Every structure is written in structure tokens, then in C-alpha cells.
Amino acid sequence: MSKEHLSEPKTTERRSWVWIMLMVNIVFLVLLMTLGILALRVGNYLPEDTDILFVVGKSPSVEFGDGESNSWQSGKNVNIFQASYVNGEGVTTVVSQDGTSLIAPGTQSTYRFSMYNNGNMAVVYQTDLDFTFKIGGLAQAQYQFPLKVRLYTQNGDYLIGGESTWVNVSEAVVSAHVSQLGASSFETFTVELMWQFEGGNDELDTLYGDTAVDMGVSLTLGINTYAEEHIDPTAKGGTPIDGAESQEAGGTVRVLWLVLLLIFAAILVFYVAWLMHKRLRKW
Amino acid sequence: MKKNKFLKIACAMFALCLITTCVIGTTLAKYTTGGNAADSARIAKWGVTLDIEGDDMFHNEYTGTGSNVTVKSSDELKLVAPGTSGSATFSISGTPEVAVQIDIVFNGVDIVLPAGTYADYTTEDPDDTFTLNDAYYPVKFKLEQTNAAYAVGGDPVVMTVIENATLAQIKAFLSDYEGNDGYSGTQYAPNTNLGSSFTLSWEWAYGEYAGAVTNEDKADTYLANLMADEATFAETGKTGYVLETEYSISITVTQID
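Chains as they are written, first to last, in our numbering: chain E, 1 to 283; chain P, 1 to 257.
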């Protein structure tokens with residue numbers, strides 16, 4: 001009998017072992033990942049003080065509002081503009097004939113709104129303004145209107161314009177601010193609009209005033225905010241809400257779980273490879 | 001070779017684990033939310049209009065009773081003469097939603113023959129003279145106002161603001177008047193009906209003069225001769241007379257800050 005005939009059955013058997021070990025390794029990895037996903041999904045619906053496999057439930061809660069009401073209501077206008085204005089000497093210089101809000105040369109409006117993050121994780125948010133200008137009820141795609149705007153935070157950081165500079169509304173529509181807001185924190189914004197009295201173009205101002213009599217001219221200001229959870233739930237930003245209880249950041253273990261998964265998978269893969277290598281050396 | 005083969009498989013599985021983990025990580029749902037607020041405002045109404053029809057206060061010919069032309073310019077230029085008259089109308093309208101100030105700037109030049117003694121060209125005696133004790137203004141003006149603010153429930157009220165006046169007196173009146181319908185420099189609250197019209201009329205009286213000057217016919221003749229041939233009829237040392245009249249008016253309505 002030759003050694004070659006004796007070695008053929010052992011080669012086949014060795015290959016079978018390799019495939020079996022590979023399949024077992026893959027199954028272990030899949031089970032590990034599935035277990036992690038299940039832990040996170042279940043953790044979101046459990047009470048905050050429930051710990052399963054070191055998972056903390058996410059409790060998101062972001063609200064938007066102003067000084068008059070705590071939250072913006074869908075489809076309902078807020079009060080940015082006024083029906084009458086008083087100058088610096090206390091004299092009423094602009095009055096609406098029908099009680100509707102209006103603007104005129106020399107008028108200035110201020111509106112403050114806040115974003116409250118009452119949840120247990122940080123969020124990334126974006127704020128921007130948009131304007132719609134209408135003549136006779138028809139929106140104008142392009143227009144030259146002497147209304148200027150600036151937007152700043154409670155800390156005095158200007159998002160649109162500056163302390164001594166204003167931006168025309170037709171140029172401010174594309175401005176967007178992206179920042180982050182920590183858990184149990186809030187941020188307050190102030191938007192100011194001004195139609196300069198001595199804007200340097202009395203003819204245009206008068207034309208708009210006369211057109212308002214004949215056809216009606218209007219301007220709509222829209223404030224848009226969008227927030228999503230931060231990849232780092234412990235990120236800081238904004239002003240902490242007074243009296244808010246300190247909570248454990250939700251979703252933290254997601255990052256930790258990923259790291260543990262990688263480490264365990266690496267250990268498992270190299271251990272199996274080492275076993276297989278050792279066995280083959282024996283053969 | 002066999003060692004490398006299994007190490008390669010191990011590395012490939014580790015890479016597969018990394019890739020799978022990243023994919024799993026990105027498919028996990030994340031929290032998002034948004035908020036929107038809006039408000040609209042219309043432009044305040046202005047709609048103030050000024051109508052000044054003053055270019056035809058004087059004419060180059062005038063008709064008397066009926067359609068007979070009694071005065072006609074020889075060179076198509078506008079003129080005035082005893083027995084002629086005319087008028088011009090200025091109006092403001094609108095109810096702006098902003099506070100405004102109305103300013104009226106008026107200027108005028110009167111025909112005048114200063115006080116003094118002049119040759120009497122109404123007699124054949126070249127030595128006859130006549131004396132004017134005061135300056136003689138042959139053309140007299142009257143300013144009337146119709147204010148829509150008084151027309152609530154009724155017809156507009158026409159008020160004579162000033163009459164039998166010179167253009168200089170009209171100017172002073174418009175600059176200083178501060179009555180209820182006030183003029184230059186008067187401010188109005190938002191939504192005030194500014195509707196108001198002014199009529200400035202004039203007359204060169206024929207045969208009758210309301211002032212204290214006598215010898216008005218002699219003065220009218222003297223002025224007319226000067227206009228016809230100043231070189232011939234002007235007297236040495238007699239200056240200060242004016243043979244042409246003119247006026248200008250500017251009305252401005254401005255928003256107040």
C-alpha cells in the first residue's frame with residue numbers, strides 16, 4: 001500500500017472540517033448581530049430606568065414655540081407682523097384700515113422663537129427662513145422689495161446679517177443654520193425685519209404703496225426648523241433647561257455595542273482560524 | 001500555502017463582519033422632527049394723488065358777454081387786462097394708512113405800479129398827472145377751499161379762505177395758515193381723508209376798484225402804455241413797476257416716520 005492511497009480520504013475529511021468551521025463562525029456572527037439589534041429595539045420601548053444588556057432607551061422630545069404659546073400649531077399663523085406701529089416718540093404712524101397686519105416704510109418687527117430639546121439625547125438642527133412676495137395674489141418669482149432681515153441667537157451669534165448689517169429678504173431665503181442642541185437644553189432665536197424709512201428709493205416705496213391700493217401687495221415669512229438625533233447623544237449645545245433632571249444619554253450603548261461587536265467578532269474569527277491552522281498542522 | 005489560505009479566509013470574514021456592521025448601523029431608524037411657523041403682512045396703502053391744473057389760469061384771449069372776444073394777444077402770449085379773469089384748481093386726494101405731512105410752496109409776482117405821481121395819458125394835455133397814494137395792484141386774487149372732510153352725509157363745503165389779495169399775500173397765507181384744514185407743515189394721522197381742493201381765481205376789475213387807490217383808470221392806462229412801448233412812455237426816475245404776473249405752486253405729501 002502507498003501513502004498516496006492512504007492520504008486521499010484524510011484530505012477530503014480535512015476540507016469538510018474547514019467548511020463546517022466556517023459555517024459555524026458565520027452563524028455565530030449572525031446571531032451576535034441579531035442579538036444586538038433586538039436589544040436596541042426592545043430598549044426603545046422600555047422605561048428609562050430599565051437596563052437590558054446595558055441599553056438605555058431613547059426618549060426624544062423636541063418642541064418649537066414662541067413667547068405666546070409653547071408650540072407652533074400646524075396651519076396657524078404666528079404673530080410676527082402688526083396692524084399698527086408707533087414711532088420712537090410714541091406717536092402712531094401706521095394703522096391698518098381693516099385690522100390686518102401690514103408693513104410700511106419705517107416699520108420694524110421682532111419675533112422670538114425657541115427650540116426646546118426635552119429629551120435625553122442631543123439633536124442636530126437646522127433653521128432657515130423663506131419669503132413669499134405676492135402682487136395681486138400672485139407669487140412673484142423675482143422681486144425687489146426693500147424689506148431687510150437679520151436672525152441671531154440668544155448668545156448674540158448672527159445667523160443672518162450682523163449687529164450693524166441687514167440682509168434683503170430676497171437674499172436671505174437661502175441662508176440656513178446648522179447646529180446642535182444638547183439633551184434638556186433650549187435655544188432662542190430672534191428674527192428682526194425692517195423696512196428702512198430712508199431707504200434711498202422713495203419712488204419704489206411709493207409705487208408699492210399705490211399698488212397696494214389697486215391690487216394688494218403682501219409678504220409671507222416662513223420659519224422652518226428640522227432636527228434629528230445626534231450621532232453622539234451626549235453632545236452639548238444650547239442653554240440647559242432650568243430644573244431639568246439629569247438623565248442618562250439614550251442610545252449611548254449603540255456606539256459601545258458596535259465596538260464590542262467588532263472586538264468579539266475579531267476574537268472569534270482569529271480563534272477559529274488558529275484552531276483550524278493547528279489541526280491542519282497535525283494532519 | 002495552507003496557512004496563508006486560512007488566514008486569508010479569516011481576514012475576509014473579519015472584513016465581512018465590518019461591512020455588515022456598518023450596514024446594520026445605518027439601517028437603524030433615527031429620531032427626526034420639524035417645526036414650521038409663518039405670518040403674512042400686506043403693504044400699507046398710500047394712494048395719495050395730486051391734481052394741479054394751473055397752466056390755464058391765464059389766457060391769450062378772453063371773451064366778454066356772449067362769445068365776443070374782447071381781449072386778444074397780438075403775439076399769442078398770455079395776457080391780462082381790465083375786465084379779464086381766470087382761475088386754477090389744485091386738489092389732493094387719498095386716505096393713506098400712514099401719517100403724512102402736507103407742504104405747499106407758493107410763489108408769485110404781482111403786476112404793480114408803485115405809489116407816486118405819473119403822467120396822465122388819459123388826457124390830451126401832456127402836462128397832466130395823477131397821483132397814487134399807495135401801490136396799485138390791478139389784479140386781485142381769491143383762494144377758496146373745498147374739503148371732503150366736511151362732506152360727511154352732505155355736499156362738500158366751499159370756503160373762501162382769502163380774497164381780494166395779492167399773490168404775495170396768498171403766499172404768506174399758505175405758508176402760515178394753521179387752521180383745521182391746515183396747509184403747509186400740517187401733519188395728519190393715518191387713515192385721514194386728505195381729500196381737499198383749492199381754487200385760485202383772479203380778476204382785473206373793470207370800472208370799479210375795491211382798494212383805496214383812485215385814478216385806477218389812469219393807472220391802468222399808464223401800465224398798458226408801458227407794456228406797449230416802454231421806451232416811449234416810461235418816465236425818468238419812475239421805477240419799481242412790474243408789468244407781468246406769474247405764479248407757481250408745489251404741493252408735497254410726505255409720509256412721517
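These are calculated hints, taken from the structure and not from any lab test.
Keep in mind that the hints are not guaranteed to be accurate.
[Unchecked claim] In silico SDA-like pairs for lysine to any residue, Cα to Cα no more than 20 Å straight-line:
(1) K142(P) x G94(P)
(2) K236(E) x T33(P)
(3) K78(P) x D103(P)
(4) K142(P) x N225(P)
(5) K171(P) x S250(P)
(6) K76(E) x S197(P)
(7) K134(E) x Y62(P)
(8) K76(E) x G35(P)
(9) K134(E) x T236(P)
(10) K134(E) x R42(P)
(11) K236(E) x Q169(P)
(12) K134(E) x S40(P)
(13) K76(E) x K171(P)
(14) K76(E) x G240(P)
(15) K236(E) x Y31(P)
(16) K76(E) x L77(P)
(17) K76(E) x K78(P)
(18) K236(E) x S61(E)
(19) K171(P) x S196(P)
(20) K134(E) x A38(P)
(21) K76(E) x S250(P)
(22) K76(E) x P114(P)
Remember, predicted model here, so these are calculated numbers, not experimental data.
Straight-line alpha-carbon gap K76(E) to P114(P), limit 20 Å: 76 Å, violated
Pairwise hint evaluation, S197(P) against K76(E), where the allowed Cα distance is 20 Å at most: Given that 20 Å is the threshold and the Cα spacing comes to 46 Å, the pair is violated.
Agreement of K236(E) and Q169(P) with the hint, judged by alpha carbon distance not exceeding 20 Å: Distance ~77 Å between K236(E) and Q169(P) Cα, so the pair is violated.
20 Å limit on alpha-carbon distance, applied to hinted pair K76(E) and S250(P): Judged against 20 Å, a Cα distance of about 48 Å means the pair is violated.
K171(P) paired with S250(P) [C-alpha distance capped at 20 Å]: 12 Å, holds
Distance restraint between K76(E) and K78(P), which requires alpha-carbon spacing of 20 Å or less: Status violated; Cα separation ~66 Å.
20 Å limit on alpha-carbon distance, applied to hinted pair K134(E) and R42(P): 9 Å, holds
K76(E) paired with G240(P) [C-alpha distance capped at 20 Å]: 75 Å, violated
20 Å limit on alpha-carbon distance, applied to hinted pair K76(E) and L77(P): Judged against 20 Å, a Cα distance of about 68 Å means the pair is violated.
Distance restraint between K142(P) and N225(P), which requires alpha-carbon spacing of 20 Å or less: Violated - the C-alpha atoms of N225(P) and K142(P) are around 27 Å apart, more than 20 Å.
Restraint check for K76(E) with K171(P), where alpha carbons must lie at most 20 Å apart: Judged against 20 Å, a Cα distance of about 56 Å means the pair is violated.
Given pair status - G94(P), K142(P), alpha carbons within 20 Å: It is violated: about 25 Å lies between the C-alpha atoms, which goes past 20 Å.
In summary, the numbered hints that this structure violates are 1, 3, 4, 6, 7, 9, 11, 13, 14, 16, 17, 21, 22.
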